[in-house]
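Engineer: Make a model of the complete structure from these sequences and hints.
Chains A and B, in that order, give the protein sequences. Note that my numbering numbers the first sequence so that position 366 is 366, with each residue one more than the last. Note that my numbering numbers the second sequence so that position 307 is 307, with each residue one more than the last.
FYI, nobody ran anything at the bench for these hints, they're computed from the structure. Any given hint might turn out to be false.
As a list, the in silico BS3-like pairs of lysine-lysine whose alpha-carbon atoms are at most 25 Å apart [what the hints assert, rightly or not]: (1) A:K624 <-> A:K645; (2) B:K24 <-> A:K537; (3) A:K98 <-> A:K999; (4) B:K144 <-> A:K724.
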Amino acid sequence: MKVKNMLKIVALLLIIPCFLIAQNKITVTGIVKNGETQEPVAGVSIYANKKVIGVTANDGTFSIKVNEDAAITFTDVRYSNFNLKLKPGQTTVQVLMKVRDDKMNEVVVTGYAKKARELTTGSTVVITAKDIRDVPSANVMDLLQGKVAGLNINTSSGAPGSTGSIYLRGLSNPSFSGAGADAALTPTSPLFVVDGVPIDVNSTYEYGFNSGGPGINPVSLIPQEDIEQIEILKDAQATTLYGSRGAYGVILITTKRGKSKVPIVNFRTNQFLSTVPNLRKVIGGKDERMMRLSEILQFDPNFQHALTTIDQTPALTDSLNAYYNNSTNWQDVFYKSTWNQTYNVGVSGGDQAFNYKTNIGYFNQKGIIKNTGFSRYNVDMNMQYQPIEKFKLSTTISAAMGENKKGSGNGIMQTGVAESVNTSSLLPAPGAFGANSADLAQLAVIDNNKAAQLNTNFEMQYEFVRGLRATNTFSYNYMSGTENTFTPAIMNGNMSKSYAYNDLTGTLYNRFMLNYAKTFERGHSINLYGFSEISSKKYKVDAIQQTGTPSDGISGPLGAATSLGGTLSNTETRDVSYAGNVSYDYNKKYVLNAGAMWSKSSISGPNMPWAFNPTVGLRWNFSKEKLFEHLTFLDYGSFRLGWGKSSIPVGTIYDTYGKYLNGTTTYNSSPIINIDWSSAPNVNLIPATKTDLNFGTELGLFKQRLQFVFEAYYKQNDNNLYVKNLSSMNAFSQVSTNELGLVNYGYELTVTAKPLSASSKVSWTVTANAALDHEVLTRLPGEAKQMVVVDPNTGLGTMYRVGRNSLSNVMYNTKGVYASTGDVPVDPATGLRMHTGAPGNTIYFQEGDARWTDVNGDYVINQNDYIVCGNAMPLVVGGFSSYTNYKNFTLNVSTSFKYKRDIINAAAAQAFQRFYNPAALNQMLPIDQFNYWAPSNTKGVVYPNPYDFTRTGDYKATSIGNGTYLPFRADQTLFMEDGSYFKINSIAFSYNFNRNKTKKYGITSARLTFTMNNVYTFTKYTGPNPENVTDMGYDRSDGYPQSKNYSLGLDLQF
Amino acid sequence: MKSIFSKLGILLIIIGSFASGCKKFLTVTPIDQMTGNEFWSSKQDVEAFSLGTYNTFRDFTCKNCFFPGTGDLRMAPVQWNTKATTSRNYINYLSNNNLKTLLNPALLSSSDQWWVTYGGFGFGNIQKWNSFYQMIQSANIMYKQVGSVPTLSEDDKLYYQAEAVFQRCLAYFFMVRIYGDVPYYTDAYHESNMPRTNMVTVLQSCIKDMGGVQQNLPWTYADPSLRGVRAMRGGALALMMHMNMWLAGFDEANKTDYYKQVDSLGAQILASKAYTLLPIENTKEIFKGRTTESLFEVPQNLNYNEQFPQASTYFDLVLRAPFKSVIPYSYIIYDTKFLNTIYPTVDNQDKRKTLWFTNGLNAGAADFTFSKFVNVFGRPGEDVNSDDDMIVFRLADAILLRAEACANIGKKDDAIAMLNMVRSRAGALLEDPSIADDKFQDDIFYERCKELMGEGHYYYDLIRTKRILDPAKAFGKFMTGEAFRAGAWTWPLDPSAKTNNSAIILNTYWSQ
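Structural biologist: Structure follows, in structure tokens:
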């Protein structure tokens, strides 16, 4: 059939129905408005006799022709349906749509299938655009903090574009890589599914603090303005059909679609100021010099030695020398407030038969640290064509580019700046002849990091016979990351350095689904579907580096003799899955849902068994029972129970079979091959399993004025991957095993309330949620009962003990300070005072020293005196938000909190440690706010004497139990603090202009918003920010602080 | 009209049916690295892997000063020739068994600390058994995997398994001689911890394993480049002889059995007629390697760019100009009493006296030269290594071991026949059959000192025969019985052996 003919037919198809019903009609005109804000609502579908007869225009107006006695229904996903029966002779109407806040009417998606909430058996939470539109953010996930019960986002870095760690229902895998301040937990981020296409952020994208490449998470490339809805699937019942990758939860992101016959143009901009938070106070200039001098003179027991020290430190003596006569505020050099913008234009339109959307966006946030920042460019389009009811075709193309400037850090941490800022104020500000080159590096390194992404998606649906639909979804996702860094010669020991990195990821995905739905007589309905899924992902990384380009003017091309380069990674991964699901309900009262997925991945090798993920869920909508009919205050009520088991393939094919490497030499002139000794093959590696039991209840009371969701869950993670260190007699240094197990259990409560009556002019909605999560370690490698992993750099230990939370600290127990030397216990057997245990370096405690608990009672403080304490994961997380509307004004407040989380305040430890060498030209931080021991202050003090520098030794403990006296070591309870906090995330105030006033300019809706973001944090924690710490609860002094943002937004609709 | 959509619908079904996976789709072969899943598929893979195991042995024994340090210098009547200008005090530390100083960088001057860590000397590396366990794991993996290589013939499989056993036993034998008790396992991919196994058990197990498969090894190779380099039946038998001799020294209750074993194993080697003693004039050829005298050796070849670091070799210590034209003096000199004992003045016909000692037996510190290993291919003015292979076992060594074993079980005639076999090759005076028994046993020892000088046997002979307990029998060097029992004869084990394995106890003598 010719295309032309086809189009004719399509046109006919569209027109014919209109003619068929054109009899005894009247014309009705009117306007549809939001019942609360009085904003006109565009794109509302108008039905009569179950047929679409019109759609509201972008100014909310409509004109329809209907039978006089027709029952007219206005529908829109955002609002409750509005039913209208015309009065005789009525031809104009004003429709006030009621915002849909009845949770039961939400449409949720689980396992790629849409369902009414009252028929779901899993645990899901829906966040709509309204909740996330006011705060400009490089990463939309950050905005969910405190909004979803059980979702804990640890924003460890304030760097624009960085992504925090996302934990859904607590810690799922306690293995970590790196150590101490650099330790990063194995990522267990939920699976993201954007418009039906899965995007796995746990692989490829390098997590941790040493992430390579541009370090841009694919999630930060999704423009927040284009998001219609975010759905968070929490339990196995909801996630099973997403396979193993969905085992840690699934986050579904749906972008906007066109739904107004008249095209709608939406313009949105945010102009925002990112300001520097309170940085640490420093001691500057003369004060610093005097303090150093007095420390040396007062605490060096040898006066001559003190004088020599001073004489050999020109910064202290040569105060008239211009080089030393400064009071440089190093933080000022690097930190500054920035002015940033976002712009977004969306055009959409169409109806059920054909609709389209185009969205163009630009986001730019310069970091508060110079030479850092993130910008994003987006073009997204989608289109849907449904010429007949049986056939539907939709496509999506979205292109995005993220650009990230890392300065001398790595995009997450600001190690370079931290090093520079840690410089004495006596030294001059940056310059080629300045005090250090790291400071210049931060300002002068030229780096350019880009991530480009192209997503295409093509979906066809066909209904063969009534109720039986086949859908095929095909997508290709292409992502490329590049990094180019040029370090001028002066920054790098007179050798300029050029580095280029590029990675390519291509993911091909196809899903074929068959769906059959039928409603039988007497209220039985059944819905069956099954699908097969295949995906193939290719990933390749190349890097090249050249040291010593001919001059700073030449930063490339690379390839001369001194260049290094090669392919860092070149992998291909393929997955195949099959899934089936059956749902049954009786009168929507009793619901049964059961499904299973079989999946297999090439990662773990061809002999790995298929991962089998079954699930069963039940639901009882008890409010529909006759028994409760007379309870008028009960709108809805239900119980549900879900069970599911996931099997998650772990490790790579190398972990299972070993890696064989070409030798670097020959033997007897023949090539040789060795096995890679870094990891022992473990042919017994099996998939990790997660068993999940979820109980939930939902209640709606007093005409939706009070709604509750309560959930309880028990999650068992068995056979988790653990990389175990081996002893030298095994030749291999590590082996991957399945010997780690843990259990999470907890409760989640979400309450939504409307305290004011429906007739009140003010509409006020308050939502509060809290989730309590307990995590217990149940199994350790080698069936050990406990295990300490010690960080070789900081000496900090992490304890794994069966029956406890998995990440506990081991540290000295500090119980105050010895007020006088006489207070120090004396060993009655030897007559010796309590002392440290390093051989040849015994230090006897005296006045002003930390009083560490001598756990084993041997009067020697060493590694045997460690205690186990603390938990880096919070016990309770949650938040509440309030939405208030009065006439044209709206006030939206969002908060979050974490309760009971232990943080090691290493920043405070470091502030004290700076005093260990008064002659070293580090930054000096005031410690006046701490109650420390001094000869004049001996009673009830908290911190040991910081000034006694001759006895304190090197503060950098090189190994645990190193017996030197390190009073300000971070591994003591003195620096472990409660990191509980309550934070006002954002306050947004918005005003809707009266439509009548804007109409003459062709503007159908105008909204002005003023937003404050990261407003204030209430906490007892003494460090800078309890939120800005690593996953392991370690407060790094070189982290990237969170900026406070003040934003002015304008939202126009034409 | 609807047909277009039906067609699209059918297309959809077709696409959908493609979306079903199969095993082939899921098998991804990484292109950048080999996995064990696809590795063991051809004879070539097995060959390369087996050579990799030998390479591990070469890296440990020939890239550290292993053979000279532990075999020739330790407790030997040698000293640093102070005329040679560079500080070479390590020679004296070794000859006095003062390993506590040698291996403690804190006690060494900064210029001497490189002895401990530097690749060529690497005395600290010898403390770490990691390389031997790499050999053992590799051998165990090969033993297990060759069974499933599809293209190998049954004979090939038996051969490679026997070679794997040889490699494993070689590693255990060397480890036992250095560290004493060591954890013993033979399973592939071993990853559990275990304590140190009694060395008698270790060697007994090795002898049993090797004995079970030695007949699957060829007596020699048609390809001369493989001769001595790869496992041969003769090498396996020599290894078993050495292990038995070690056991005879440390499991005295059963020593007669061990000696009988050595006698019989030695007889098998000789009966095979596969190996010959080359004329002594062909010394250069013997030590260049790959000869019919070789039983097992580590190859070195300038042409293949496979060379041992200079510091790791024995010849570096005893060669001077003109062999190494820029080196005026040898670094070590031997005690003249030692040389005069092993080369008695009555025997002036021994060609080794003249062939191997360029400047005569009693050359002083100024011109001592031991020219047994002189395959030097360097231009004048270059300080280069000899290109000699490291001969680990050779026929003369096996013959003398048999002679020693026979002497211990009263087979004096056989013993003398063996001893004379080595002597007659060198043109030396033959042993008088009427010699006294104790004198005769000393002669066998002296013959070993003489014939195997510089081949890494001296110290181990002292230890296994317990001569070290008597200064009269060890040229003045001495270890008390108490120290010997506490493990003073072992090389200190590195404390890293305890990391992640609390069952390991370090050598008590050295960790005190």
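Engineer: All hints are to be evaluated individually against the structure, with a verdict given for each.
Structural biologist: To see whether the hints hold, each was checked on the structure:
no.	hint	verdict
1	A:K624 <-> A:K645	violated, 31 Å
2	B:K24 <-> A:K537	holds, 16 Å
3	A:K98 <-> A:K999	holds, 23 Å
4	B:K144 <-> A:K724	holds, 24 Å
When the structure is compared with the earlier hints, a violation turns up for hint 1 alone.
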